[in-house]
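Fit chains H and L with the ligands to the known structure of chain F by using the hints.
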Amino acid sequence: MSRKFTKTLGAMVAGTMLAFGASTGQAGTTTAALGDVDDPIIIPVHNWSSQIAMSHAVGQLLEKIGYTVEYTTTDSQAVYEALRVGDVTLELEVWEGSFATAFNAALDKGGILDAGTHDAVTREEWWLPDFTIAKCPGLPDWEALNACAEMFARPDSGGKGVYVDGPVEWLHDLDRIEALGMNFIQIHAGGAAALWAELESAAANDEAVVVFNWSPNFTDALYGGAFVEFPAFHDRCKTDASWGINPNMTSDCGSPAGGYLKKAAWDGMPRKWPAAYKALTRINFTTNMVGTMAMFVDVDEMEHADAAARWIEENEEVWSAWLYASQ
Amino acid sequence: MNTTSLQPVIRCQTLYKIFGITSDQLQKDSQGLIDPSYRDRQGVVTAVDNVSLDVSDGELLVVMGLSGSGKSTLVRCLSRLIEPTSGSIEIEGNDLLAMSEKELIELRRNKMGMVFQNFALLPHKTVLENIAFPLQMRGMKRAEFVERAMKMIALVGLDEKENSFPRELSGGQQQRVGIARSLAVEPDIWFLDEPFSALDPLIRKEMQDEFLRLQSMLKKTIVFITHDFDEALKLADRIAIMYHGNIEQIGRPEDIVLNPATEYVAKFTSDVPREKVLTAGSVMDERKEQEALASKSVRIDDLVETIAEYVLGQSIPVPVVDAQDQIVGVLHQARMLEILFHERAGPSGS
Amino acid sequence: MRGPGHPALEATTTPFKEISLSRMKDLLLKGLPPEQRAKGALVLLAIVGVLILAKPFNLIPDFLDELPQHTYQSSINKEIQEIKRTELVPIGAALEWTFYYLRDDLHVSVVTRFFSTSLKALVDVVHNILSGGRKGFGLDAPPWSALLVIALTLGYALKGWRLSLLGGGTVCYFAIFGLWTYAMTTLAYLAVAVPISIIIGLFLGIWCYKKKSVEVSILPILSVAQTMPHFAYLIAVVVFFGIGHQTGVIATIIFAVPPMVRLTLLGLQTISPEIVEAGKMAGCTSRQLLFRVQLPSARNEIMIGINQVIMQCLAMVVIAAFIGADGLGFRLLHKLIALKLGECVEIGFAIVLLALVLDGLSKAWAEKKRDYRANLPFYRRYKYSILLVVLVAIAYILASYFPILNKIPRDLDITYAKSWDGFIDWTVVNWQTRDFRYIMLVHILTPLRDALLFMPFIAIMVLVAGVGLLLGGYYSALLTLGFLLFIALAGWWDRAMITLYMVLFSTFICIVVGIPLGLWSAMREKRARTALFWCDTFQTFPSFIYIIPAIMLFRVNDFTAIMAVVAYAMVPAVRYTVEGLKNIPPELHEAVTMAGCNKRQRLLQLQLPVALPHIMLGVNQTVMFAFSMVIIAAFVGTIDLGQSIFKALSETALGKGVTLGLCVSFMALTVDHLVVRWARERRRLLGLD
Ligand SMILES: Nc1ncnc2c1ncn2[C@@H]1O[C@H](COP(=O)(O)OP(=O)(O)OP(=O)(O)O)[C@@H](O)[C@H]1O
Ligand SMILES: [Mg+2]
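Residue numbers (the working numbering), protein chains in the order written: chain F, 495 to 821; chain H, -14 to 335; chain L, 222 to 910.
Looking at chain F on its own, in the form it has when it is part of the complex (with noise of 0.2 Å):
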């Protein structure tokens, strides 16, 4: 049996060369400001739309001019350390909230290259959708928000409102509620995706619910929403307890309301593929650019090589900017 089923395998594989001949690749003129057109271009493809988006897109034009392109799904916090060792080539997103701290450790230990900052900001805080502010006079203020907690309460909070955090490890703002004095307590879901359920299931149920949430992000299309007004981030507010409102205590603020979103890059990146990497920092995301990704893919439900090909399409003279602008 196994000697017939190795011949068919044989047959079916003689028999596709035959009739489709083996197809010869692209011959590329390998020029020295392209640099290594052989040798694949790897970007690191994450678990939200935007990014893997964004990365089919620069990935198609990085194409356009001549180079070989692979995409590789990775963990977006280890990312960082496979950026160092060269495992990947380049990082479109870090996103300051969320990934600043293995960016900055891995800066520390070397081997990768900050490639610049896009105008697009990003803010990552409570947030209420559309259908909880509808339930509360005066939302998204915090104030107002802390006055309504009973209608975020749980069996199990023991009458406090409830916020959802993110997961622990994203290392937010923890004394916050106790800063600000507010009835809530803080519980942590265990990724994006559980925070998405329980919007979901706030939205089914029409219950009130305020989440962390970030912007840009398929959610604004989805529910509406805004984030809750805190007291306005300052530098003193995180070091300095008797600033602001509660003058024992530090973090009586909100967070940053424009973290950055950052480009990084392999440091072999410049030598071996010079041209892209000028396209790398070049390259500049605006919050619409990034919403509208996300728009292609969560809403209108498109493939992400199909939704970048669609941007590429319509943004000529943005990425025209990006590739072929005069030194």
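Since the hints were made in silico from the structure, they are not lab data.
Every residue, glycine too, gets a C-beta built ideally from N, C-alpha and C.
Everything hinted at is true.
If you anchor each label on the Cβ, the simulated ranges turn out as follows:
{"no.": "1", "chain 1": "L", "residue 1": "332", "chain 2": "F", "residue 2": "613", "range": "43 to 51 Å"}
{"no.": "2", "chain 1": "H", "residue 1": "197", "chain 2": "L", "residue 2": "432", "range": "42 to 50 Å"}
{"no.": "3", "chain 1": "F", "residue 1": "599", "chain 2": "L", "residue 2": "263", "range": "48 to 56 Å"}
Chains H and L with the ligands alone, transformed into the frame defined by chain F:
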């Protein structure tokens, strides 16, 4: 046939198999000597205990003994399926225990065959493949081994079953496959561990007859284990009786029955029907001068069983002749009666 | 029983020097005789009780109450704070140092990197053959209809029309629901991981069989590997092999090999020694003996091993996506995070179908008979191969005329995801769980957890070691004590207790629901088969999918995590109960029938007692499943070891991750050791072995 001056085919001397001790350990503990104290140790079983025996060319040695007396273990030592703890074994003059793995394989491929007590058929192979297996190992061509295996299948009466798997056969059928498998290579030395035990009486008799016919033609050297005294008597040139790993006695069937060497053998053979064991030669009296003799003689190796009726019917002694038709003794009616009825009471009566 | 002359038996018979110690050894290895156990248990409970009661009176010194720990949770409603950061023994740091020393100073990474590069090339080639692209040979993708006819013919040739339809149906499922490229990626990945796992497993199994010393040193490693949470060793895999698709393959192989080794070894060890002797008498060289006698004779166990490999590989499809394995798993994860549950279910079923087909094909292939004598003409002997070639050729030709047969258009947009979404939403709205949750959380779970956290660690150690002493003697006591001491010294005690409480409670629910369900299913043959089918399905259905609906129903809390664990760990409780009852020898049933038993008597007098050891093994498996799922349930949001493992994974904190993994593994092994010990003894007493 049992006492040729030629070198024996199988010769083993002071053979021990003690489970729970390896021969290396023995070397270390007591310079290779068997220390009687081993027997008392917990977890140690002396399965073969100081056995020495010779089997000559073309001889059929039957090994008997109670369950657990070490018969299978002895045979496994003789085929070196297990390593004896101490002692020596020679096969056709070659030291079996000194053979390398390669020589051993050659020996088994070309010289030895074995039928196992529990059949030991390969579960994943059909009847045909099982029987052909040793042939394949010898590197025989496919067409050849299929033909040969089919012949064996016919010989043991399993036609039409060649594509069945062992699990689809009855116990007796499986045993016949085992026999066919060991016969397929035409071994010179043949070990059979209770080969007919799972057969029904009819087939068993058929197989025994077939076996005798084959043996008279092929003259193999055979060690045959059985629990069935009738079978032993029918087949054996010599019988060895084992007890607790010892060979209590080894000899021709009638010697064992007439002159049991130990109490145990005597008890073991007490129920044996003598007429089936004893030959005219072993019970005849000396011929007295001028004695009138019956007209028809009997042969010296005729079993009592077959001549009793005739002797009992004669009022005068019956002559016993040897192969050259010389009269070597006589049988009296009275002696016959004594053998058939009187001595039946047991060794104490004799 | 075994016949004489079996080499393994000889090797294990008691050596001399130990015989004088045999009485001592009896006590060491067997524990208290069953009739004295009740007394022993009472004494044990009394001691533990005293230890617990002593705590409120401050009679327990601090170092026996609680060792220094990593994190500390002060009370349920207060967030976790990292207060005491130093463990007693820096196990994590030591491990980390060792691993990096291995990788960087001993240059193990050269080997591992080479391995991972070769694997990547292999996966690329297979992937290229299946779905085209530039990697590998650079072939064009075969038309999907060619794969369809291959699946149909293969299924038919190996088994019959049922398998043929299952295979064809699965291919169509991929095509119709727009999963084609992902499924091909996963298939390519499996086509590499499964055979490699089988080969490595066979090799190690044989090696263990031949060398006792290897067996003794490998088996404990396998136990740990099997109980280690996937995410814990993913970190090690990433550190040594990098990230990417091939790393997923490696992680999968590591996970799939242990059962293969165990079953190969078991199969080889249980061959009747006479069969081996028959092989020797046929003049086999040791190679021939192995390949033509021993391995084929151990076929049943080896086939179960292969089945296990396939199941484990498919279970890893989603988990490996965390470290870069592409395909259905990654797709599912992505859809899960975007909360597209219906699509997740769609993908989940694709994975289940793939498992069923691969399992069916491999089983059928192994059972195929060969007819030696039939002297068939060429075209009949190779009829299926010829048929296959012809059909594939036709598929190619047709595909060049009808593009729909070549490539399913992406925007086909056929899906049943929406109805699943609708169903899930409906359930969430209509099943109000608020009151239920309140009772469970406030009155049962939280008190249970607090009680476990309250107990001084010495009390728990005494309890577990005592049970070990009762069931298995000093050996078991020391082993379990060692396991727990590791957790305590590594500084993860409280987290481990939280994990334990979730596992225990989930197991409790699984027993209460699963065993009666199994009993009910086993009453009728047909029901039993249906039950086993669903067990297979649930076992391969990616466990991640359970989590999100559970959150939507019960929101983020421990109860939700427990429900997700229950959904997954219920399977073995049901399966083993059904099997245990089905495997009761028919003569026993006949005897009971002749004694005039009614149904209830039959159940109580015969079925339960005889099947109990097997059912207990099922409970043991449930506990093992619960330990593995409770870590995954950290996705709900728990504060146990699982959460810390995820943190370690995202920080690539190797030492910490492995330490945490070992903590989980040791807890699981403690339970496993005690239960298996008990069940074996019972089986022996009942004469079922
Ligand atoms: N592998 C083994 N390890 C330990 N003891 C063994 C082994 N094989 C056989 N024995 C013991 O050796 C003794 C002789 O066994 P053996 O199989 O040779 O008996 P037997 O005469 O063939 O019995 P039977 O007529 O039942 O086949 C028995 O007491 C048996 O328990
Ligand atoms: Mg025997």
